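Student: The lines below spell out each chain.
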Amino acid sequence: MPNKISAQDVLNALRSVQDPDLRRDIVSLGFVKDLEVGDSRVVFTIQLTTPACPVRDQMAAAARQAVEALGVRDVQVRMTSQVVSASTGRNQLIPQVKNTVAVASGKGGVGKSTVAANLAIALHRAGAKVGLMDTDVYGPSVPTLMGGSSPPHVVEGKLEPPVEYGIKIISMAYFLPKDEAVIWRGPMLHKTIQQFLGEVRWGDLDYLIMDLPPGTGDIQLSLAQTIPLTGAVIVSTPQDLALTVASKAIAMFKKLNVPILGLIENMSYHVCSQCGHREDIFGHGGAREAANRLACPFLGEIPLDVNVRIQSDNGKPVALDDATLYGKAFQEIAGALAAQISIAGYRVDQGISIE
Amino acid sequence: MPVAPKKIKLAAGDGTLAVEWSDGHLSAYPYRYLRDHCPCATCGESGGAPHTDPGPFPILGQKPLRPERAELVGRYALQIFWSDNHSSGIYGFDYLRELCPCAECRTRSSDPKVESL
Chain A
96 MPNKISAQDV
106 LNALRSVQDP
116 DLRRDIVSLG
126 FVKDLEVGDS
136 RVVFTIQLTT
146 PACPVRDQMA
156 AAARQAVEAL
166 GVRDVQVRMT
176 SQVVSASTGR
186 NQLIPQVKNT
196 VAVASGKGGV
206 GKSTVAANLA
216 IALHRAGAKV
226 GLMDTDVYGP
236 SVPTLMGGSS
246 PPHVVEGKLE
256 PPVEYGIKII
266 SMAYFLPKDE
276 AVIWRGPMLH
286 KTIQQFLGEV
296 RWGDLDYLIM
306 DLPPGTGDIQ
316 LSLAQTIPLT
326 GAVIVSTPQD
336 LALTVASKAI
346 AMFKKLNVPI
356 LGLIENMSYH
366 VCSQCGHRED
376 IFGHGGAREA
386 ANRLACPFLG
396 EIPLDVNVRI
406 QSDNGKPVAL
416 DDATLYGKAF
426 QEIAGALAAQ
436 ISIAGYRVDQ
446 GISIE
Chain B
13 MPVAPKKIKL
23 AAGDGTLAVE
33 WSDGHLSAYP
43 YRYLRDHCPC
53 ATCGESGGAP
63 HTDPGPFPIL
73 GQKPLRPERA
83 ELVGRYALQI
93 FWSDNHSSGI
103 YGFDYLRELC
113 PCAECRTRSS
123 DPKVESL
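Protein chains in written order, with my numbering: chain A, 96 to 450; chain B, 13 to 129.
Hints in this document: simulated from the structure, not taken from any laboratory.
Be aware that one or more of the hints could be misleading.
Stated by the list, open to error - Capping the alpha-carbon separation at 16 angstroms, the derived lysine to aspartate or glutamate pairs in EDC-like fashion look like this:
1) 19/B with 450/A
2) 350/A with 313/A
3) 350/A with 106/B
Predicted model, so just to flag it, every value in this text is computed and none were measured.
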């Protein structure tokens with residue numbers, strides 16, 4: 096019969112469990128909460144920094160084993176999460192949004208909007224509160240990808256964003272008849288960004304994913320000036336050409352002090368739906384090499400699959416089904432992204448004070 | 013991460029704006045000097061002489077120059093709202109650091125052949 100175990104014994108045992116991304120043990124990180132030590136029973140909660148934590152199950156198992164090693168037979172571990180805000184300074188326009196992530200690319204046509212929409216869905220399916228802002232006013236494709244048709248309506252003087260698959264969405268597409276074009280100069284674009292941020296009822300969000308237009312123009316600059324962005328994700332195809340242009344987008348964000356949360360290689364390879372043959376149509380692995388070269392995290396690869404296009408056109412994002420190859424890819428990438436945001440949250444200083 | 017301000021004091025005494033940087037460096041910018049180096053396009057256009065916006069009552073003469081308030085721009089710059097009604101200057105943190113008038117920064121940026129003492 097083991098000696099009576101104290102709360103301190105349990106905490107000491109739990110110090111052996113490390114968060115692999117934050118590289119500290121879960122006790123000193125303050126993750127362990129609501130610890131109750133009974134006669135032969137120990138109950139506690141581990142509060143992670145994101146519901147999309149990719150190592151959640153391993154951490155729960157390691158914690159359980161650590162306490163069982165003390166001789167306790169009944170160990171109950173509850174896993175919860177509270178998303179950490181990784182933005183420096185004051186986020187005056189949208190104070191209830193914890194993290195803002197810009198999804199950017201250098202070139203157009205690399206699948207940025209599809210990636211943004213599916214990332215949002217994967218994060219939401221993991222349990223986070225997510226919003227999706229389509230800032231590509233020239234080619235707004237998010238409502239099509241998400242199957243959205245209901246327009247926003249005004250509540251108490253602000254826009255209530257429509258919700259599709261659990262995600263709040265705002266897009267220029269809601270405000271324009273289908274075949275009309277937006278032919279605007281800079282100041283109008285800047286105003287649109289300010290309105291999308293300040294005049295929409297986003298509510299409490301863990302992650303606001305922003306689908307940017309391609310390139311490095313007015314909208315990118317307006318966003319980086321109007322709010323302290325948590326970070327940027329760069330989408331590219333494997334080819335050198337796409338990567339060369341993508342590195343310009345990376346250079347822009349570096350100049351604006353926006354952290355690069357990671358690179359994603361889209362259309363990474365093709366697997367034939369008939370015979371399973373794999374072909375690297377646009378090359379393969381270029382984005383991972385670029386990430387190494389530029390010292391940015393690499394978040395993952397998404398294969399090129401005809402179903403991604405079919406379902407996108409039908410407004411049913413593939414990330415809804417994580418049993419498929421690409422659904423799984425989005426799930427893993429979302430986890431990697433959430434981990435990078437958590438790491439950024441632990442690195443951030445108090446912010447800049449002005450008096 | 014590139015060097016950024018930790019603390020900014022608009023009225024640090026002796027007519028200066030002070031910045032405490034993340035690498036520990038301290039800068040003190042006299043108001044006139046900082047205003048004269050406004051990076052905005054309008055000031056640049058006036059060929060060196062800073063553009064001043066007259067207030068509603070120019071006959072009352074000019075108020076003494078000081079920064080009335082300042083705001084962060086994204087994560088990379090500071091926007092200063094001056095008492096002469098000029099506020100279009102966005103001072104990037106790297107530009108602000110380059111402007112530091114202290115002796116240490118001045119020697120580093122001047123003749124590279126100058127040997128350290």
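Student: Run every hint past the structure and note whether it holds.
Tutor: Right, here's what the structure says about each hint:
1. 19/B with 450/A: Holds. Residue 19/B to residue 450/A sits at ~8 angstroms (cutoff 16 angstroms).
2. 350/A with 313/A: 15 angstroms, holds
3. 350/A with 106/B: 9 angstroms, holds
This entry satisfies every hint, going by the numbered hints stated previously.
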